[in-house]
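**Student:** Sequence:
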Amino acid sequence: MKLGVVGLPNVGKSTLFNALTSNKALAANYPFCTIEPNVGIVAVKDERVDTLAQMFNSKKIVYTAIEFVDIAGLVKGASKGEGLGNKFLSHIREVDAVVHVVRCFEDQNITHVSGNIDPVRDIEIINLELIFADMDTLTRRIEKTQTAAKSGDKKYLEELAVLRKLYQTLEKGLPARMANLNENEYDVAKSLFLLTFKPVIYCANINEGGESAYVESVRQYAAKENSGVIALCAALEEELSQLDDEERELFFAELGIAESGLDKLTKACYDLLGLISFLTAGEKESRAWRIKKGTKAPQAAGVIHSDFERGFIRAEVIDYPSLLECGSFAAAKAKGKLRSEGKDYVIKDGDVVEFRFNV
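Residue 1 is where the sequence shown starts when you use the working numbering, and the numbers rise one by one after that.
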């Protein structure tokens with residue numbers, strides 16, 4: 001999973017990236033201090049995997065991972081190339097979802113490119129640039145498809161209808177993801193890799209003191225387009241990222257923090273993208289595997305290895321809490337808690353699975 005971190009200059013984007021990845025991306029008080037995108041791959045810690053590793057004396061622990069791409073600060077006119085905009089927009093096109101960092105903190109020492117704090121205005125500056133870029137993309141695609149549709153081919157006529165529906169949505173100042181599409185139309189739209197079709201999580205960057213009215217304005221904006229929202233203090237998260245695990249836990253306890261910014265962001269991204277994790281465990285390794293909600297057992301097996309899907313026989317499944325209660329696969333089987341599931345079984349979050357296959 002690749003997430004693009006975007007925002008206006010000086011909103012705390014690179015600070016958040018540093019906190020998430022414990023990297024040292026340049027975070028400076030001037031625009032375009034990040035030109036080439038910084039990339040960090042972060043393991044998504046999962047206590048369930050740790051517990052299974054202890055239970056099975058696993059030699060290896062493997063978590064799922066998220067790739068964060070710190071994309072340089074966008075500015076007004078980016079769709080026309082302002083501030084190296086075209087280059088930055090191409091980086092957004094490559095990600096699965098966008099983490100849009102919005103400044104919701106006051107700090108006289110950090111200049112705001114627009115002179116004052118206004119989260120909704122800032123969001124709309126970037127969203128409009130992405131909309132303009134998508135309109136250019138669609139204009140070219142419509143011209144090409146119109147020519148092909150003259151043949152009367154149903155495929156091109158249907159595609160043209162989708163392209164026009166998307167363009168009309170953008171003309172209203174709305175992102176492409178807000179177009180009212182059926183399942184077939186959605187597949188066509190997805191294949192276009194439009195910037196505004198990507199799911200978005202708005203990350204309200206707040207002061208250490210907590211949330212303000214600024215955050216509520218972001219929530220109201222996000223609700224209109226069914227986007228996700230999290231609030232965190234990027235500066236505090238960066239400080240915490242420098243501590244070891246024990247120090248961090250003590251600090252969390254002192255401040256009454258239940259989870260880190262990465263945990264918040266991970267959960268929000270999983271929800272937004274409809275993702276879950278299933279688990280495998282044994283002496284060799286205990287591991288989490290990321291899949292889409294609704295994935296059936298053979299396709300989940302294919303995430304591990306294509307041979308598992310091709311030769312799928314059945315899946316031996318137990319939910320994580322039941323396995324903890326039983327203490328082992330053998331005990332779970334003896335108590336009738338280990339189920340044998342076929343090819344139509346839909347994997348659930350936290351299922352501990354052993355696949356049986358033959359190729």
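Mixed in with the good hints, there may be bad ones.
Only pairs whose alpha carbons sit at most 25 angstroms apart, straight line, appear in this in silico DMTMM-like list of lysine to aspartate or glutamate [what the hints assert, rightly or not]:
no., residue 1, residue 2
1, Lys267, Glu247
2, Lys335, Glu354
3, Lys224, Glu247
4, Lys198, Asp307
5, Lys292, Glu124
6, Lys198, Asp118
I should point out that these hints are in silico values taken from the structure, not numbers from a laboratory.
**Student:** Compare the structure with each hint and give your call.
**Tutor:** Taking the hints in turn, this is what the structure says about them:
1. Of the supplied pair hints, the one linking Lys267 and Glu247 holds, its CA atoms being roughly 23 angstroms apart against a limit of 25 angstroms.
2. Only pairs whose Cα atoms come within 25 angstroms are accepted, and Lys335 paired with Glu354 is accepted, the gap being roughly 17 angstroms.
3. Our distance criterion of 25 angstroms between C-alpha atoms is broken by Lys224 and Glu247, whose separation comes to about 40 angstroms.
4. At most 25 angstroms may separate the alpha-carbon atoms for a hinted pair to count; Lys198 and Asp307 exceed this at roughly 32 angstroms.
5. Restraint check for Lys292 and Glu124: not satisfied, since their Cα atoms lie roughly 30 angstroms apart, outside the 25 angstroms limit.
6. For the given pair, Lys198 sits about 24 angstroms from Asp118 by alpha-carbon distance, which is consistent with the 25 angstroms threshold.
Checked against the numbered hints listed earlier, the structure breaks hints 3, 4, 5; every other hint is satisfied.
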